[in-house]
Amino acid sequence: MFALPIQAEGTFTMEKMNRRKFIGTTLAGTMAMTTMLRGASNNTGKSRLKTGLIGCGWYGMVDVKAALKVGGVEIVALCDIDSEHLKNSADEVEKLQGSRPKTFKSYKELLDTPGLEAVIIASPPHWHALMFIAALEKGLDVYCEKPLAYDINEGKAMVAAAKKHGRIVQIGFQRRQSQAIQQARQYIQQGNIGRIIQAEAQIHYTAEMRDTTPQEPPASLDWDSWCGPGPKLPYCPQIGHFAWRLEKESGHGHLVDWGIHLIDATRWILSLTMPRSVQAAGGIYYFKDKITTPDILTVHFDFDTCPVIWHHRMWGAQEYDPEVSNGIFFYGEKG
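Sequential numbering from 457 applies to the sequence shown in this note's numbering.
Hints in this document: simulated from the structure, not taken from any laboratory. Possibly wrong hints are sitting among the right ones.
Quick list of simulated restraints, FRET-style, between CB atoms [what the hints assert, rightly or not]:
1. 540 with 746: 21 to 29 Å
2. 595 with 526: 22 to 30 Å
3. 547 with 745: 33 to 41 Å
4. 654 with 553: 41 to 49 Å
5. 620 with 666: 37 to 45 Å
6. 651 with 735: 49 to 57 Å
7. 626 with 552: 19 to 27 Å
8. 664 with 544: 19 to 27 Å
9. 694 with 556: 38 to 46 Å
Computed cross-link-like contacts, DSBU-like style, restricted to lysine-lysine with a CA-CA straight-line distance of at most 35 Å [claimed, not checked]:
10. 620 with 744
11. 551 with 525
12. 746 with 521
13. 746 with 790
14. 543 with 594
15. 561 with 551
16. 704 with 561
17. 543 with 790
18. 543 with 564
19. 612 with 744
20. 619 with 594
21. 620 with 602
22. 525 with 790
23. 746 with 619
24. 551 with 521
25. 602 with 704
26. 525 with 744
27. 620 with 688
28. 602 with 521
29. 521 with 619
30. 612 with 561
31. 551 with 602
32. 594 with 620
33. 790 with 704
34. 744 with 564
35. 744 with 602
The structure presented is a predicted model; accordingly, all values stated were derived computationally and were not measured. Positions of the beta carbon are idealized from the N, C-alpha and C atoms, including for glycine.
All chains should be modelled from the sequences, with the hints used to inform the complete structure.
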């Protein structure tokens with residue numbers, strides 16, 4: 457039996473991820489995003505696609521900077537419920553493109569920006585459905601960060617809206633554009649490791665213990681609007697702008713944050729459709745009372761041709777290589 461390991465941001469040889477490599481991979485995905493949005497635009501080749509950003513946090517600005525680097529895009533509007541993030545992002549965009557975008561606290565006001573053609577949605581996922589459907593109703597093309605929706609019912613409503621309004625939509629699965637993923641797909645589909653017996657996707661790393669003591673939100677942040685359609689959560693700095701990914705009310709944990717990328721890549725590489733059944737086991741063993749999603753989890757997806765296993769752990773030694781936190785292993789019959 458032969459195992460082919462790949463890391464989503466590297467090549468077939470498992471490489472340590474760094475910020476430069478991560479941004480490069482993101483840029484590749486955003487190039488696809490820019491091409492997708494321009495494909496539905498009525499612009500001539502010399503004009504730029506007028507685009508807005510909803511959610512000026514870390515990853516929203518990664519998308520914007522990558523899109524501006526690729527070219528063909530003008531960021532005309534920004535929206536965020538943190539006035540400090542909003543100002544800093546507007547300053548940065550102005551330096552990058554030479555013109556200052558309009559700024560809004562309300563995404564509904566941003567969607568009314570004259571001449572707006574497309575929007576990037578980079579809010580936490582509990583806001584995605586409302587923003588996504590509203591943008592389509594305004595006749596805009598949409599690039600929405602993953603996950604598409606907070607739950608399956610919202611996802612169905614979003615798919616229905618996309619079909620109804622006929623706009624171009626793309627979800628942020630940028631790892632399909634990574635060189636490693638594309639090479640792996642070609643290599644496996646050429647039969648080089650034979651019939652695939654099993655695939656395993658995983659992320660292991662040691663996270664820091666978090667201080668989740670409730671605090672008053674900063675004056676710049678409208679916390680009620682951040683919570684929005686979800687339950688009202690007590691504010692703490694680590695949840696507000698990053699660690700919402702580990703809360704079931706807003707992010708669903710590592711399975712949705714990381715697993716969604718690596719499992720999507722696995723399904724694409726192997727041309728899998730939907731699993732026949734899914735089983736999961738895990739829990740919160742180390743970060744008790746600190747997060748609301750599992751800090752260790754194993755999920756077994758039973759597909760027609762082979763099983764796919766997801767595993768994550770936020771504590772302890774990394775299982776395969778101390779310098780590699782994430783990757784996909786394909787086990788084939790040739791050896």
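Right, here's what the structure says about each hint:
| no. | hint | result |
| --- | --- | --- |
| 1 | 540 with 746: 21 to 29 Å | 26 Å, holds |
| 2 | 595 with 526: 22 to 30 Å | 24 Å, holds |
| 3 | 547 with 745: 33 to 41 Å | 38 Å, holds |
| 4 | 654 with 553: 41 to 49 Å | 47 Å, holds |
| 5 | 620 with 666: 37 to 45 Å | 41 Å, holds |
| 6 | 651 with 735: 49 to 57 Å | 23 Å, violated |
| 7 | 626 with 552: 19 to 27 Å | 22 Å, holds |
| 8 | 664 with 544: 19 to 27 Å | 25 Å, holds |
| 9 | 694 with 556: 38 to 46 Å | 31 Å, violated |
| 10 | 620 with 744 | 44 Å, violated |
| 11 | 551 with 525 | 12 Å, holds |
| 12 | 746 with 521 | 33 Å, holds |
| 13 | 746 with 790 | 45 Å, violated |
| 14 | 543 with 594 | 26 Å, holds |
| 15 | 561 with 551 | 21 Å, holds |
| 16 | 704 with 561 | 25 Å, holds |
| 17 | 543 with 790 | 56 Å, violated |
| 18 | 543 with 564 | 19 Å, holds |
| 19 | 612 with 744 | 33 Å, holds |
| 20 | 619 with 594 | 14 Å, holds |
| 21 | 620 with 602 | 21 Å, holds |
| 22 | 525 with 790 | 43 Å, violated |
| 23 | 746 with 619 | 40 Å, violated |
| 24 | 551 with 521 | 11 Å, holds |
| 25 | 602 with 704 | 15 Å, holds |
| 26 | 525 with 744 | 42 Å, violated |
| 27 | 620 with 688 | 32 Å, holds |
| 28 | 602 with 521 | 18 Å, holds |
| 29 | 521 with 619 | 29 Å, holds |
| 30 | 612 with 561 | 28 Å, holds |
| 31 | 551 with 602 | 28 Å, holds |
| 32 | 594 with 620 | 12 Å, holds |
| 33 | 790 with 704 | 41 Å, violated |
| 34 | 744 with 564 | 38 Å, violated |
| 35 | 744 with 602 | 27 Å, holds |
When the structure is compared with the earlier hints, violations turn up for hints 6, 9, 10, 13, 17, 22, 23, 26, 33, 34 and for no others.
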